[in-house]
Amino acid sequence: MTATLPETAHEPAGKYERLIQPTRVHGSMYTDPEIFAEELERIWYRTWVYVGHVSEVPEPGDYVRKNIGPQDVIMTRDRDGEVHLLLNRCAHRANLVCDAPSGNSNSFRCPYHGWTYRNNGELLGYPYNKGYGGKGKVELGLGRVPRVDSHQGFVFGSFAPDGPTLAEHLGAAAGELDRLARLSPEGEVELTAGFLKHRTRANWKLLAENETDGYHPQFVHGSIFSVTGSPIGALYSDNSTAVTRDLGGGHSENDLRPEFRRFAEPMRWFGTTEAKVPDYVARMRELHGPAAEEILIEGSPHVMIFPNLFIAEIQLFVIQPLSAGECVQHSTAVQFKGAPELNRRMVSQCVGSVGPAGMLLADDTEMYERNQRGVALRDPEWVDIRRGVERERTDENGFRIGTATDETGMRGFWSHYRNLMEAEK
Amino acid sequence: MTASATTTELDLRQVEQFLYREARYADEHDYDAWEALWTDDALYWVPASDPDADPGQRMSVISDNRSRISTRLKQLRTGKRYAQSPPSNLRRIVSNVEILDDADGAGEPGDITVAANFVVVESRERGNETWAGRTTYRLRVVDEQIRLAYKKVVLVNHDRALPTLAFLI
Ligand code: FES
Ligand SMILES: [Fe+2]
Chain Z
1 MTATLPETAH
11 EPAGKYERLI
21 QPTRVHGSMY
31 TDPEIFAEEL
41 ERIWYRTWVY
51 VGHVSEVPEP
61 GDYVRKNIGP
71 QDVIMTRDRD
81 GEVHLLLNRC
91 AHRANLVCDA
101 PSGNSNSFRC
111 PYHGWTYRNN
121 GELLGYPYNK
131 GYGGKGKVEL
141 GLGRVPRVDS
151 HQGFVFGSFA
161 PDGPTLAEHL
171 GAAAGELDRL
181 ARLSPEGEVE
191 LTAGFLKHRT
201 RANWKLLAEN
211 ETDGYHPQFV
221 HGSIFSVTGS
231 PIGALYSDNS
241 TAVTRDLGGG
251 HSENDLRPEF
261 RRFAEPMRWF
271 GTTEAKVPDY
281 VARMRELHGP
291 AAEEILIEGS
301 PHVMIFPNLF
311 IAEIQLFVIQ
321 PLSAGECVQH
331 STAVQFKGAP
341 ELNRRMVSQC
351 VGSVGPAGML
361 LADDTEMYER
371 NQRGVALRDP
381 EWVDIRRGVE
391 RERTDENGFR
401 IGTATDETGM
411 RGFWSHYRNL
421 MEAEK
Chain P
1 MTASATTTEL
11 DLRQVEQFLY
21 REARYADEHD
31 YDAWEALWTD
41 DALYWVPASD
51 PDADPGQRMS
61 VISDNRSRIS
71 TRLKQLRTGK
81 RYAQSPPSNL
91 RRIVSNVEIL
101 DDADGAGEPG
111 DITVAANFVV
121 VESRERGNET
131 WAGRTTYRLR
141 VVDEQIRLAY
151 KKVVLVNHDR
161 ALPTLAFLI
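In the order they appear, the protein sequences are chains Z and P. One point on numbering: in full-length UniProt numbering, the residue at position 371 of the first sequence is 371, and numbering is uninterrupted. One point on numbering: in full-length UniProt numbering, the residue at position 98 of the second sequence is 98, and numbering is uninterrupted.
Just so you know, the hints here were simulated from the structure itself, not pulled from any lab data. A few of these clues could be false.
Listed next, the in silico SDA-like pairs over lysine to any residue satisfying Cα-Cα at most 20 Å (straight line) [as the list claims (entries may be wrong)]:
id, chain 1, residue 1, chain 2, residue 2
1, Z, Lys276, P, Arg68
2, P, Lys80, Z, Arg370
3, P, Lys80, Z, Phe225
4, P, Lys80, Z, Ala234
5, Z, Lys137, Z, Thr116
6, P, Lys80, Z, Pro231
7, P, Lys74, Z, Ser348
8, P, Lys80, Z, Gly229
9, P, Lys74, P, Asp41
10, P, Lys80, Z, Tyr215
11, Z, Lys276, P, Ser67
12, P, Lys80, Z, Ile232
13, P, Lys80, Z, Ser230
14, P, Lys74, Z, Gly233
15, P, Lys74, Z, Thr228
16, P, Lys80, Z, Val220
17, Z, Lys337, P, Gln57
18, Z, Lys337, P, Gly56
19, P, Lys80, Z, Gln218
20, P, Lys80, Z, His216
21, P, Lys74, Z, Ser353
22, Z, Lys276, Z, Thr228
23, P, Lys74, Z, Phe225
24, P, Lys80, Z, Gly233
25, P, Lys74, Z, Gly229
26, P, Lys80, Z, Ser226
27, P, Lys74, Z, Ser226
28, Z, Lys15, Z, Ser415
29, P, Lys80, Z, Phe219
30, P, Lys80, Z, Thr228
31, P, Lys80, Z, Val227
32, P, Lys74, Z, Phe219
33, P, Lys80, Z, Ser353
34, P, Lys80, Z, Ser237
35, P, Lys74, Z, Val227
36, P, Lys80, Z, Asn371
37, Z, Lys276, P, Gln57
38, P, Lys74, Z, Val220
39, P, Lys74, Z, Gln349
40, Z, Lys276, P, Gly56
Can you make the complete structure from the sequences, with help from the hints?
Pasting the structure below:
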């Protein structure tokens, strides 16, 4: 159900300029199927979207099914080690060529009429080839995501054959991925724990907005903070020294480092002490020398990378939109190469927190789904995102920052979103 | 009801009565009674994409030891576990109960392994969900009471996207 558009009579501005204002967003942005269809074309099938991690296809021939919104994408590694993003669609009559969630194979065979493809997308052959005038006469191949690039092993794809580079898209967010990888004693993140898939009856943007919303944790997660005595709540209180930063490009973060520096305790960011993970801390000190102290105190980022990758310290989420009112959250534990001691703890902590039964994420998801019902109601039409606008400042690097509980990240998200939606086709 | 027996002497009827009781406590959100069924070495496990994977290394929907079971229930009891507040209306059928040879020898000597199929209908404001799957239980008699040491729930759709699962399955 779609809320009605606001009055347009005297406003020459574009549709999205009316619907997305600096401190409020119209409810129809979350419910209108036409807007969703436009988002697919202008955002999901154009800008860089996070797809998977190279550690999910470590060997030549490895493949894993992934997605870009509703598009079914196979991430493969060919025999030369190159990573491809192929569309799971046979060039003959469009059957699905890959039905396994992951595996190792140098080719894919379509079950319908037996066409075969190399794992780089090239057509290898088709049965009874006389019907096509012989071998090698058909110039087709699997569809592909034309641009594939990666940063710290995080593989992104863009359906636009040209446009900004991945480095330009990531901008300052690239540094957050660097900060994450730096926590590995071997400098590499691995996503090897498998994903939970959480079906969510809400618009994907409610999730993207919530990821760096420091206003909600004390309320939505108060139940778990209170029974575990968790110090996380305090990071998102009125007294917190943490900041919410608009990183540009629709990316945002809750920068918790000021709080962690205040305590100056290595591993506090992970809710533990160095005594509990001695091997890990020893390896990091060996590798980084005195610089290890700062790395172990500052910990991992809490960053939303537009439009679909969210890293919350040890948890990683990928948002997959399916329709205006439905999406899937894919979640896993970050794993660090060379840190087995830490990795098991990260899986355990992450399993407790995320996914359909997670003691944190099930409650976030309950909020998303209730919100989705709320935005369909007719009045007051708008979703308010003004919190902290008066006290927002610019930091030493030129980024807009607000306090830990301000809606600075959301405003950054919407401003970039609007630019993309208003851009010329 | 009391099972006055050692585990190896449990008959199918006693086992079924225990499973039905466990199911009823879960359906009725009787968290105290449900919690009291568990042994200290408990594992309550709902695997995700790979039901045979090591839960220490792979993501699970739920992988609770005794202490995390307690945390989960404490959170539910706050009344502010919004994914269960208000709580789901639930009713489940437990069937096809079999006492299995405890071939893997996991658990303590004398534990018995039981498997059953289930269907749960969940109703909440979001809508109705039907959950189904197969549960493997490990039961142990402690002080003449049957207790639950292990419960592994493999959902038929464990490898698909699942809606929120915040009740006790
Ligand atoms: S559709 Fe794939 S071979 Fe015909
Ligand atoms: Fe949250």
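Outcome of the hint check:
1. Between lysine 276(Z) and arginine 68(P) the CA atoms are separated by roughly 19 Å; this keeps the pair inside 20 Å, and the hint holds.
2. A hinted pair counts as satisfied when its Cα atoms are at most 20 Å apart, and lysine 80(P) with arginine 370(Z) qualifies at roughly 15 Å.
3. At roughly 11 Å between alpha-carbon atoms, lysine 80(P) and phenylalanine 225(Z) fall within 20 Å of each other, so this suggested pair holds.
4. Distance restraint check for lysine 80(P) and alanine 234(Z): the Cα-Cα separation of roughly 18 Å lies within the 20 Å cut-off, and the hinted pair is therefore satisfied.
5. Among the hinted pairs, lysine 137(Z) with threonine 116(Z) is consistent with the structure: their alpha-carbon atoms are about 14 Å apart, no more than 20 Å.
6. Between the alpha carbons of lysine 80(P) and proline 231(Z) the distance comes to roughly 18 Å, so the proposed pair stays at or under 20 Å and holds.
7. Proximity of lysine 74(P) to serine 348(Z) is assessed by CA-CA distance (about 19 Å); at most 20 Å being required, the pair is judged to hold.
8. For the proposed pair lysine 80(P) and glycine 229(Z), the alpha carbon gap of about 15 Å is at most 20 Å, so the pair holds.
9. A hinted pair counts as satisfied when its Cα atoms are at most 20 Å apart, and lysine 74(P) with aspartate 41(P) qualifies at roughly 19 Å.
10. With a CA separation close to 17 Å, the supplied pair lysine 80(P) and tyrosine 215(Z) stays within the 20 Å bound.
11. The suggested pairing of lysine 276(Z) with serine 67(P) holds, with an alpha-carbon distance near 18 Å, which does not exceed 20 Å.
12. The suggested pairing of lysine 80(P) with isoleucine 232(Z) holds, with an alpha-carbon distance near 17 Å, which does not exceed 20 Å.
13. Between the alpha carbons of lysine 80(P) and serine 230(Z) the distance comes to roughly 16 Å, so the proposed pair stays at or under 20 Å and holds.
14. About 17 Å separates the Cα atoms of lysine 74(P) and glycine 233(Z), which keeps this hinted pair within 20 Å; it holds.
15. As the CA atoms of lysine 74(P) and threonine 228(Z) are separated by approximately 9 Å, the hinted pair is consistent with the 20 Å bound.
16. Among the hinted pairs, lysine 80(P) with valine 220(Z) is consistent with the structure: their alpha-carbon atoms are about 8 Å apart, no more than 20 Å.
17. Note on lysine 337(Z) and glutamine 57(P): the hinted pairing holds, with a Cα-Cα distance of about 13 Å set against a maximum of 20 Å.
18. At roughly 16 Å between alpha-carbon atoms, lysine 337(Z) and glycine 56(P) fall within 20 Å of each other, so this suggested pair holds.
19. With a C-alpha separation of about 11 Å, the suggested pairing of lysine 80(P) with glutamine 218(Z) holds against the 20 Å cut-off.
20. The suggested pairing of lysine 80(P) with histidine 216(Z) holds, with an alpha-carbon distance near 13 Å, which does not exceed 20 Å.
21. Proximity of lysine 74(P) to serine 353(Z) is assessed by CA-CA distance (about 15 Å); at most 20 Å being required, the pair is judged to hold.
22. Our distance criterion of 20 Å between C-alpha atoms is met by lysine 276(Z) and threonine 228(Z), whose separation comes to about 18 Å.
23. For the suggested pair lysine 74(P) and phenylalanine 225(Z), the alpha carbons sit about 11 Å apart, so the restraint of at most 20 Å is met.
24. A distance of roughly 15 Å separates the Cα atoms of lysine 80(P) and glycine 233(Z); the hinted pair therefore holds under the 20 Å criterion.
25. For a cut-off of 20 Å, the pair hint linking lysine 74(P) to glycine 229(Z) stands: about 12 Å separates their Cα positions.
26. At most 20 Å may separate the alpha-carbon atoms for a hinted pair to count; lysine 80(P) and serine 226(Z) meet this at roughly 10 Å.
27. A C-alpha spacing of about 9 Å is found between lysine 74(P) and serine 226(Z), which places the hinted pair at or below 20 Å, so the restraint holds.
28. In summary, the hint linking lysine 15(Z) to serine 415(Z) is supported, as the alpha carbons are separated by about 14 Å, within the 20 Å threshold.
29. Annotation: proposed proximity of lysine 80(P) to phenylalanine 219(Z) holds, straight-line Cα distance about 9 Å (limit 20 Å).
30. Among the hinted pairs, lysine 80(P) with threonine 228(Z) is consistent with the structure: their alpha-carbon atoms are about 14 Å apart, no more than 20 Å.
31. About 11 Å separates the Cα atoms of lysine 80(P) and valine 227(Z), which keeps this hinted pair within 20 Å; it holds.
32. The straight-line distance between the Cα atoms of lysine 74(P) and phenylalanine 219(Z) is roughly 17 Å, inside the 20 Å bound, and the hint therefore holds.
33. Distance restraint check for lysine 80(P) and serine 353(Z): the Cα-Cα separation of roughly 16 Å lies within the 20 Å cut-off, and the hinted pair is therefore satisfied.
34. This hinted pair checks out: lysine 80(P) and serine 237(Z) have alpha carbons roughly 19 Å apart, not beyond 20 Å.
35. Taking the CA atoms of lysine 74(P) and valine 227(Z), the gap is about 6 Å. The hint holds against a cut of 20 Å.
36. For the proposed pair lysine 80(P) and asparagine 371(Z), the alpha carbon gap of about 17 Å is at most 20 Å, so the pair holds.
37. Taking the CA atoms of lysine 276(Z) and glutamine 57(P), the gap is about 18 Å. The hint holds against a cut of 20 Å.
38. Restraint check for lysine 74(P) and valine 220(Z): satisfied, since their Cα atoms lie roughly 15 Å apart, inside the 20 Å limit.
39. At most 20 Å may separate the alpha-carbon atoms for a hinted pair to count; lysine 74(P) and glutamine 349(Z) meet this at roughly 17 Å.
40. At most 20 Å may separate the alpha-carbon atoms for a hinted pair to count; lysine 276(Z) and glycine 56(P) meet this at roughly 17 Å.
In the structure shown, no violation is registered for any of the earlier numbered hints.
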